[in-house]
Amino acid sequence: MPSEAPFSLGYQLFSIRDKMAEQPAITLAALKDIGYGHFEIYGFDPAANKLYGMAPKELNVILKDLGLEVTSGHYGFHEYIDGAEDELWRYTDACIAAATAMDSPYITWPWMAPEQRNLATYERLPDILNKIAERTRAAGIGFTYHNHGFEFVDHDGKTGWEIITAGTDPALVELQLDMYWVMHAATTTPRELVDKHAGRIVMWHIKDMDVLTRDYTELGNGALNYLNLLPDPGASGLRYLYIEQGGNFTKDSLESARVSAAYYQAHLADLL
1 MPSEAPFSLG
11 YQLFSIRDKM
21 AEQPAITLAA
31 LKDIGYGHFE
41 IYGFDPAANK
51 LYGMAPKELN
61 VILKDLGLEV
71 TSGHYGFHEY
81 IDGAEDELWR
91 YTDACIAAAT
101 AMDSPYITWP
111 WMAPEQRNLA
121 TYERLPDILN
131 KIAERTRAAG
141 IGFTYHNHGF
151 EFVDHDGKTG
161 WEIITAGTDP
171 ALVELQLDMY
181 WVMHAATTTP
191 RELVDKHAGR
201 IVMWHIKDMD
211 VLTRDYTELG
221 NGALNYLNLL
231 PDPGASGLRY
241 LYIEQGGNFT
251 KDSLESARVS
261 AAYYQAHLAD
271 LL
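Its first residue numbered 1, the sequence shown is counted upward by one per residue in the numbering used here.
No lab work stands behind these hints, which were simulated from the structure alone. Yeah, the Cβ is synthetic: ideal placement off N, Cα and C, and Gly gets one too. Treat the hints with care, as some may be off.
Pair ranges (Cβ atoms, derived) [to be verified]:
id	residue 1	residue 2	range
1	Asp18	Gly67	20 to 30 Å
2	Gly149	Glu79	31 to 41 Å
3	Glu134	Lys32	17 to 27 Å
4	Gly167	Asp252	18 to 28 Å
5	Gln23	Lys57	16 to 26 Å
In silico lysine-lysine, DSSO-like type, Cα no more than 27 Å apart, as pairs [to be verified]:
id	residue 1	residue 2
6	Lys50	Lys64
7	Lys64	Lys32
8	Lys131	Lys50
9	Lys32	Lys50
10	Lys57	Lys32
11	Lys251	Lys196
12	Lys32	Lys19
13	Lys158	Lys131
14	Lys19	Lys64
15	Lys32	Lys196
16	Lys50	Lys19
17	Lys131	Lys196
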């Protein structure tokens, strides 16, 4: 069921990984006070079945007590695609179990290692993504692919993004659009991608780009004017959006979360 409009503001917890490693419950409460209503997790350890030092069920108890939720998770699928297939399925099942324990509606593929960013891997990838999505869908969990900039690099007349989106079943593999990386690659725009993939881009990542270094920065402090960049959420198929800042904090990670939320609420919330 889609989130209510205006969309509840989410945060990718990689942005505040230092404080989540030290005091997860206190950090989540602080993020709630700032205005964040839901989160995307990262860092799941399948061997220990832990996130932020606790089992997914334990994390979910903390979240529910605070009136918060996990709506997606970034999981390390790329580590398993060049090994034995049964290892990939064991990992996928562990991710499904973790997401189920947190009542999370989505699992997301977030990354490709540098040595995997080649035409041969991209051509293998759609079949892998479809099969993972079949497995998550059977468990009642959606599956999305999250872009960086490397998917937009040309490989003999084709890009990884084109291969992935053309070769996957839109009913199985949805998309999480990272707008910073789209603009960093500078080959297209978020609005153009929504036009091409209407209804399929169910999640957005919003983060700003430092004017000089092109590194991350707080929302509203950088070069990206989201007043002109944001696509139409209805055309996108948007369900959840997340602010993210992977580093380059002006003061510290919590203050950056506060600055970005304040900018979003003042300037962008009414657009959604």
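Verification of the hints:
{"no.": "1", "hint": "Asp18 <-> Gly67: 20 to 30 Å", "result": "holds, 24 Å"}
{"no.": "2", "hint": "Gly149 <-> Glu79: 31 to 41 Å", "result": "violated, 21 Å"}
{"no.": "3", "hint": "Glu134 <-> Lys32: 17 to 27 Å", "result": "violated, 35 Å"}
{"no.": "4", "hint": "Gly167 <-> Asp252: 18 to 28 Å", "result": "violated, 42 Å"}
{"no.": "5", "hint": "Gln23 <-> Lys57: 16 to 26 Å", "result": "holds, 19 Å"}
{"no.": "6", "hint": "Lys50 <-> Lys64", "result": "holds, 18 Å"}
{"no.": "7", "hint": "Lys64 <-> Lys32", "result": "holds, 12 Å"}
{"no.": "8", "hint": "Lys131 <-> Lys50", "result": "holds, 25 Å"}
{"no.": "9", "hint": "Lys32 <-> Lys50", "result": "holds, 22 Å"}
{"no.": "10", "hint": "Lys57 <-> Lys32", "result": "holds, 19 Å"}
{"no.": "11", "hint": "Lys251 <-> Lys196", "result": "violated, 39 Å"}
{"no.": "12", "hint": "Lys32 <-> Lys19", "result": "holds, 14 Å"}
{"no.": "13", "hint": "Lys158 <-> Lys131", "result": "holds, 23 Å"}
{"no.": "14", "hint": "Lys19 <-> Lys64", "result": "holds, 20 Å"}
{"no.": "15", "hint": "Lys32 <-> Lys196", "result": "violated, 35 Å"}
{"no.": "16", "hint": "Lys50 <-> Lys19", "result": "holds, 16 Å"}
{"no.": "17", "hint": "Lys131 <-> Lys196", "result": "holds, 23 Å"}
Checked against the numbered hints listed earlier, the structure breaks hints 2, 3, 4, 11, 15; every other hint is satisfied.
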